[in-house]
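S.K.: All chains should be modelled from the sequences, with the hints used to inform the complete structure.
Listed below are the residues making up each chain.
2 protein chains.
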Amino acid sequence: MSDKTSKPLRLGIAGLGTVGAGVVKIVRQKAALLEERSGSAIAISAVCARNRDTDRGVSLKDYAWEDDPVKLATRNDVDVFVELMGGSDGPAKAATEAALKAGKDVVTANKALLAHHGQELAELAEANDAVLRFEAAVAGGIPIIKSLTEGLAGNDIERVMGVMNGTCNYILTRMEDAGLTYDEAFAEADGLGYLEADPNLDVGGIDAGHKLSLLSAIAYGTQVNFDAVELEGIGCVTIEDIRQAADMGYRIKLLGVSRMTGRGLEQSMTPCLVPATSPLGQLVGGTNMVVVEGDQVGQVVLRGAGAGEGPTASAVMGDVMDIARGLRVTTFGKPASKLVPAQPANTNPPAPYYLRLSLSDKPGALAKVAAVLGEAGVSIHRMRQYDHENDMAPVLIVTHKTTRAALSDALSGMDQTGVVSGTPVALRIEEL
Amino acid sequence: MSDKTSKPLRLGIAGLGTVGAGVVKIVRQKAALLEERSGSAIAISAVCARNRDTDRGVSLKDYAWEDDPVKLATRNDVDVFVELMGGSDGPAKAATEAALKAGKDVVTANKALLAHHGQELAELAEANDAVLRFEAAVAGGIPIIKSLTEGLAGNDIERVMGVMNGTCNYILTRMEDAGLTYDEAFAEADGLGYLEADPNLDVGGIDAGHKLSLLSAIAYGTQVNFDAVELEGIGCVTIEDIRQAADMGYRIKLLGVSRMTGRGLEQSMTPCLVPATSPLGQLVGGTNMVVVEGDQVGQVVLRGAGAGEGPTASAVMGDVMDIARGLRVTTFGKPASKLVPAQPANTNPPAPYYLRLSLSDKPGALAKVAAVLGEAGVSIHRMRQYDHENDMAPVLIVTHKTTRAALSDALSGMDQTGVVSGTPVALRIEEL
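Taken in order, these protein sequences are the chains called A and H.
Numbered according to numbering that gives the first Met the number 0, the first sequence spans residues 0 to 431.
Numbered according to numbering that gives the first Met the number 0, the second sequence spans residues 0 to 431.
Please note: incorrect hints may appear among the correct ones.
Copies of the same chain look alike in the list, so a pair counts if it fits in one copy or across any two.
Said to hold, decoys possible - Result set (EDC-like, lysine to aspartate or glutamate): computed pairs, CA atoms no more than 16 Å apart in a straight line:
#, residue 1, residue 2
1, LYS6, ASP66
2, LYS400, ASP386
3, LYS361, ASP390
4, LYS24, ASP155
5, LYS367, GLU34
No lab work stands behind these hints, which were simulated from the structure alone.
M.R.: Take a look at the structure:
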């Protein structure tokens, strides 16, 4: 406000990959704008990365260099430690802890770190009167952390959903648009540099699961519980499933759903069918979308780039600007001591499911499958059987609402009929 | 943070319509949640409305009653004046000024007040070390003010667009979906209570124009300049236009566009054709959408309910919770003294236009129209002429990119051909 100090806010940046270099560029190129908006100059005191000699397209000569991120994080001339190294443990964790213990504010893009150690870091921040912000960790440039923590603070949040891994959505979109197999689309995404060093973080749903667990903590005031997220990757999805889904008016998305129920907290990050005409169904390519449902606000949808230099650096700078303006919010929107352990629901609410299975060319085969479903209490809404190829016929089934438990019973039963080949694909249908 | 005071934050609420009653309900029903999140209890000291005896579905007996909003705004037991009366002048302005002069923070849903007096009120707030927040004034429950002011503060904003009047979008959607005429859809919206007391505020684009002018101020650091918004209502849109647009892959929306150009600030709130497959084109019914484009973040889209008790009260409470948490941001994201006068661009950038005109059944009529367009330098991309009815034939023209000035020349020229009946409809096509 009017009595703002003119003392600059001094950053120490650890990690100078795409995002780190993007942050340095913004601080250098927009100095006047940032100062006018926040009331205080934003400066960089020191930086740190694995390799000092890499050309990052931006001059670092004005900044002190540190080889050790812990040293960087605790320098006297650093007010805010900006952690852009990544990794749930190791140097990122050590340096973040060191910064907080030294009373420095921390801005991080590290979803893995917070998904695994969010509670202890939030407690550490609070004990040291520091803030720990992580807008860039979830859905790139979309200001979802701020919206959920602050803008929607007058709501009881009822559900959070989202497509939060652009790489998975890119692969699924390319399978649909270009008729690529999963392997072909995966190879294309890899060639474009969209995949993490460990691709399973993307296609296994882990990265998106990390993000969902952070949103859950804010939404419901619970301690981060990533281990309780039901995870399933997109590797099981075939072009056949995508076509069948489209034919029925759905698209397949790696969808995160987090909901507080009477049975506990439900968190899943799995491939789902969503209506093709819904905002989530219409999301194509690498874009991210988060849907928040509050008891007052109804449904709010936020959409934007989920990754990349500019969008992620924008999110980091949003947090930095908050700190420069003196806006200090608790990590997950409540004091860490007030966050309660999240009791996992362990059971999913009833939902319709899409099933695809291969049926052998034997008399009565379809009847056997139908009988198994009936015995498990799963009723069939729609079924299609296609021509046999190599003695196998694809069968598509859409069930009425059923529980995951009943469906699992049916799936094990099918295994024993001797007429079903391979493992059936079962995807939840999420009506939005 | 950890050293939060436990002194309650005391509200004085002026205006107890749907939104005011909604705010009272949230404060009463969510007391524990709000206190846990913000670190301070939220209390209501006093309320004020035109009629004390109206049943508002919520008990007011715990609160002092004031007949005069100015008295309410300056009470010693009021920390935050919540202005939900509406109106650009009169009591809303008097009470807001009185509150700010007394150093009270103000939360308002009043777009008209800020569109007309935003600069002086921002200066007044600053001079008195008070904050003036207005999340509820733009796009209902969508946290767009916070996202633009804070979350995207590291960006140079390049364009802001949006559908920000749910009533207009409802009317246009019903015309398309149910084949209603404008008058029928208007009457339906009226019957549902969607229209303001002065319907021209909605269908004339004024309400949405107010909102756009506030977003422009934040986006570009300019003083609010509502008078420079190019305004055109939806009354000129016919079912025929909607069908023709649909046939070409577009939908008609009352679209706000704000852009800082080399020629100055461009602000328009006019019916436009947008691609039917774009997020804005897919927006149906009373929902609002705001699209922000920043140089770093790229395109961010926010969508949600633009009106109604819950969504608007949610936005009011977002501001109240910010104040309770000690988050204090300048009104338009910069100190008021740093906001520069917005130089209106006065000319629009070249764009394709959709034209509909009625051509009389005379030989060479179409040639005359084509000649007039050619002389004005407007080239035709597509043209369709339909069968004559009552000696008049509808002609639809989509132009190549042209300036609004060239188009105006052509339209006046047409008037003089003697073969065009009535006033041609000209709608900009906005490619997103």
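S.K.: Which numbered conditions among the earlier hints are violated in the structure presented, ordered from lowest to highest?
M.R.: Hints 1, 2, 5 are the ones this structure does not satisfy, whereas the remaining hints hold.
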